[in-house]
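Just need the whole structure built from these sequences, with the hints factored in.
Respectively, the protein sequence lines represent chains A and B. Mapping the first sequence onto my numbering, position 148 (from 1) lands on 148, and the numbers just tick up by one. Mapping the second sequence onto my numbering, position 181 (from 1) lands on 181, and the numbers just tick up by one.
To be clear, the hints were calculated from the coordinates, so they are not data collected in a lab. Careful, some of the hints might be misleading.
Some chain B residues near chain A, calculated using beta-carbon distances under 8 Å [said to hold, decoys possible]:
#, residue
1, ASN12
2, GLY51
3, LYS122
4, HIS125
5, TRP128
Label pairs and their computed distance ranges (CB to CB) [what the hints assert, rightly or not]:
#, chain 1, residue 1, chain 2, residue 2, range
6, B, GLY119, A, LYS37, 33 to 43 Å
7, A, LYS232, B, ASN76, 54 to 64 Å
8, A, GLN108, B, ASN146, 38 to 48 Å
9, A, ASN148, B, LYS113, 35 to 45 Å
Here are the simulated DSBU-like cross-link-like pairs (lysine-lysine), alpha carbons at most 35 Å apart as the crow flies [unchecked claim]:
#, chain 1, residue 1, chain 2, residue 2
10, B, LYS54, A, LYS158
11, B, LYS38, A, LYS68
12, A, LYS119, B, LYS113
13, A, LYS189, B, LYS25
14, B, LYS27, A, LYS159
15, B, LYS162, A, LYS119
16, A, LYS132, B, LYS117
17, A, LYS189, B, LYS54
18, B, LYS38, A, LYS71
19, A, LYS215, B, LYS113
20, A, LYS68, B, LYS138
21, A, LYS71, B, LYS181
22, B, LYS207, A, LYS236
23, B, LYS117, A, LYS245
24, B, LYS78, A, LYS71
25, B, LYS162, A, LYS91
26, B, LYS117, A, LYS236
27, B, LYS27, A, LYS71
28, B, LYS207, A, LYS132
29, A, LYS232, B, LYS181
30, A, LYS189, B, LYS120
31, A, LYS72, B, LYS54
32, A, LYS71, B, LYS40
33, B, LYS200, A, LYS37
34, B, LYS181, B, LYS200
35, B, LYS207, A, LYS68
36, A, LYS72, B, LYS138
37, B, LYS196, A, LYS37
38, B, LYS38, A, LYS118
39, A, LYS245, B, LYS113
40, A, LYS236, B, LYS25
All residues carry an ideal CB built from backbone N, CA and C; glycine is no exception.
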Amino acid sequence: MLKNRIIPCLDVKNGRVVKGINFVDLQDAGDPVEQAKIYSDGGADEICFLDITASNENRDTIYDVVEKTSKKCFVPLTVGGGVRTVEDINKLLNCGADKVSINTAAVQNPEVVEESSKKFGSQCIVVAIDAKKNGDKWEIFTHGGRNNTGIDAIEFAKKMEASGAGELLVTSMDRDGTQVGYDIELMAKISSMVNIPVIASGGVGNLDHLVDGIKLGNASAVLAASIFHYGKHSVKEAKEYLDSKGIPVRI
Amino acid sequence: MNVIIVDYNSGNISSVINSFKEVAKDKVNIEVTSDLNKIKSSDKVVLPGQGSFKSCVDALSNISGLVDTLSEFAINNKKPLLGICVGLQMFADVGFEETETRGLGWISGKVSKIDNKNGKYKLPHIGWNQINIIQESKIFKDIENNSHMYFVHSYEFVPEDKNVVSATTDYSSNIVCSVEKENIFGTQFHPEKSDKIGLKIIDNFIKL
Chain A
1 MLKNRIIPCL DVKNGRVVKG INFVDLQDAG DPVEQAKIYS DGGADEICFL DITASNENRD
61 TIYDVVEKTS KKCFVPLTVG GGVRTVEDIN KLLNCGADKV SINTAAVQNP EVVEESSKKF
121 GSQCIVVAID AKKNGDKWEI FTHGGRNNTG IDAIEFAKKM EASGAGELLV TSMDRDGTQV
181 GYDIELMAKI SSMVNIPVIA SGGVGNLDHL VDGIKLGNAS AVLAASIFHY GKHSVKEAKE
241 YLDSKGIPVR I
Chain B
1 MNVIIVDYNS GNISSVINSF KEVAKDKVNI EVTSDLNKIK SSDKVVLPGQ GSFKSCVDAL
61 SNISGLVDTL SEFAINNKKP LLGICVGLQM FADVGFEETE TRGLGWISGK VSKIDNKNGK
121 YKLPHIGWNQ INIIQESKIF KDIENNSHMY FVHSYEFVPE DKNVVSATTD YSSNIVCSVE
181 KENIFGTQFH PEKSDKIGLK IIDNFIKL
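Printed below as a string of structure tokens:
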């Protein structure tokens, strides 16, 4: 039976983890390679790096991080943030990323999704959808949630599936950072409208939220950042909890 | 010993390279190339593959003499070869992804789309699924039945002779996820992304 995946996400800035795992036995709390290794040893089903490097000069640091991590971690590694062109995707894959997540570029230039999924295969193209509720619909935001495009998130999700995306990473901008749980309505809606896997993201504050994302939101995978940072919960605890709630996980 | 990972522009093979190097350490020489002479003289060959069946077959055919060299290696000389994902699928006679495309024809059968039961099952089949070992295989030495492996695919290999199937996985039906035919091995899952247990499979292949 296919298992639901738990994906810890690390924010990386200028080659260093900014919100990281605050474990006492860490040699270097800011080293993404070391933190990714702790997650994968702890049973993470995949690892996600979100590159939040602001300046172009420091962009290259993410390639170095990916290269080093992929030599130590043998579970799938997804990298997102600042990916604009087919060449960016190519570079990340060559460094050892298994999947690349595309956000702003997918909205501004959907051909990037089409072209890259043809070139590298749908399996490595994840489209990240940042959506915010507006009345009775959800609208797509880009540039890390700063720009409202007015594009309907559900329609966009269907369009991205048709363009060759292998998975959708759906983040609720209303919930992100709030720790009150995923926007279940949004997850369930998108999941029912597409036939590709949906990864739920944004708003996890406790382990029940992960359960809800899968049971009520019909997500194939759940991504979370802060509950795994600062040692609040380990990935192992999360999996045991999901298992106790009857959700199939890899233990 | 020399193990060649065939580099034929089949998409992202960094993870395959990293995992084989991790397992081989300094004891075994891992080389990434499409050089025909190097393939001929190597001890073992790994055939990765990502993207569509058609794009992989096309990429393989685009390198002059490569298909013949691989056939000579695996079929005539019976040296160990491991196909991963589309690398395994290409063993078939024919594939139906994008358009009907001839495969290598090493193991009779076809590659067709997984039946998603009218949308009940999402495709691609992505994530960790358990393998059901139905027949002993040399690459499964010390691998427990029902171990989790990482999958990502929408098409499945349907061989004519079921005796080549060493493991299946349950996703809408029993999907063939590992084959062994004499010296030819294949996994639909990605051992290079399946954590320690996947590395063990790679180790088993290297030690054949």
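(request) Take the C-alpha atoms of A/LYS68 and B/LYS138, compute the straight-line distance between them, and say whether it is at most 35 Å. (result) Judged against 35 Å, a Cα distance of about 31 Å means the pair holds.
(request) Please work out if A/LYS189 and B/LYS25 have their alpha carbons no farther apart than 35 Å. (result) Distance ~48 Å between A/LYS189 and B/LYS25 Cα, so the pair is violated.
(message) Does the closest beta carbon of chain A sit nearer than 8 Å to the beta carbon of B/ASN12?
(response) With a minimum Cβ separation of about 4 Å from chain A (threshold 8 Å), the hint on B/ASN12 holds.
(message) Does the beta carbon distance between A/ASN148 and B/LYS113 stay inside 35 to 45 Å, or does it fall outside?
(response) holds, 38 Å
(request) Check the following: the C-beta atoms of A/GLN108 and B/ASN146 are separated by a distance inside 38 to 48 Å. (result) Because 45 Å falls inside the window, the suggested range holds.
(request) Decide if the proposed pair is consistent with the structure: B/LYS117 and A/LYS236, CA atoms, cutoff 35 Å inclusive. (result) Given that 35 Å is the threshold and the Cα spacing comes to 33 Å, the pair holds.
(message) Restraint: B/LYS122 near chain A, CB-CB cut 8 Å. Satisfied or not?
(response) For B/LYS122, the interface hint holds, since the closest Cβ of chain A sits about 5 Å away, which is under 8 Å.
(message) Hint check: B/LYS196 vs A/LYS37, CA-CA at most 35 Å. Holds or violated?
(response) holds, 12 Å
(request) Starting from B/LYS181, check that the Cα of B/LYS200 is at most 35 Å away, please. (result) holds, 20 Å
(message) Check the hint pairing B/LYS117 with A/LYS245 against an upper bound of 35 Å on the C-alpha distance.
(response) holds, 26 Å
(message) Check whether the Cα positions of A/LYS236 and B/LYS25 lie no farther apart than 35 Å.
(response) holds, 29 Å
(message) What's the verdict on A/LYS215 and B/LYS113, does the C-alpha distance respect the 35 Å limit or exceed it?
(response) This hinted pair holds, its Cα atoms lying about 27 Å apart.
In summary, the structure is inconsistent with hints 13, 14, 25, 28, 29 from the numbered list given earlier, while agreeing with the others.
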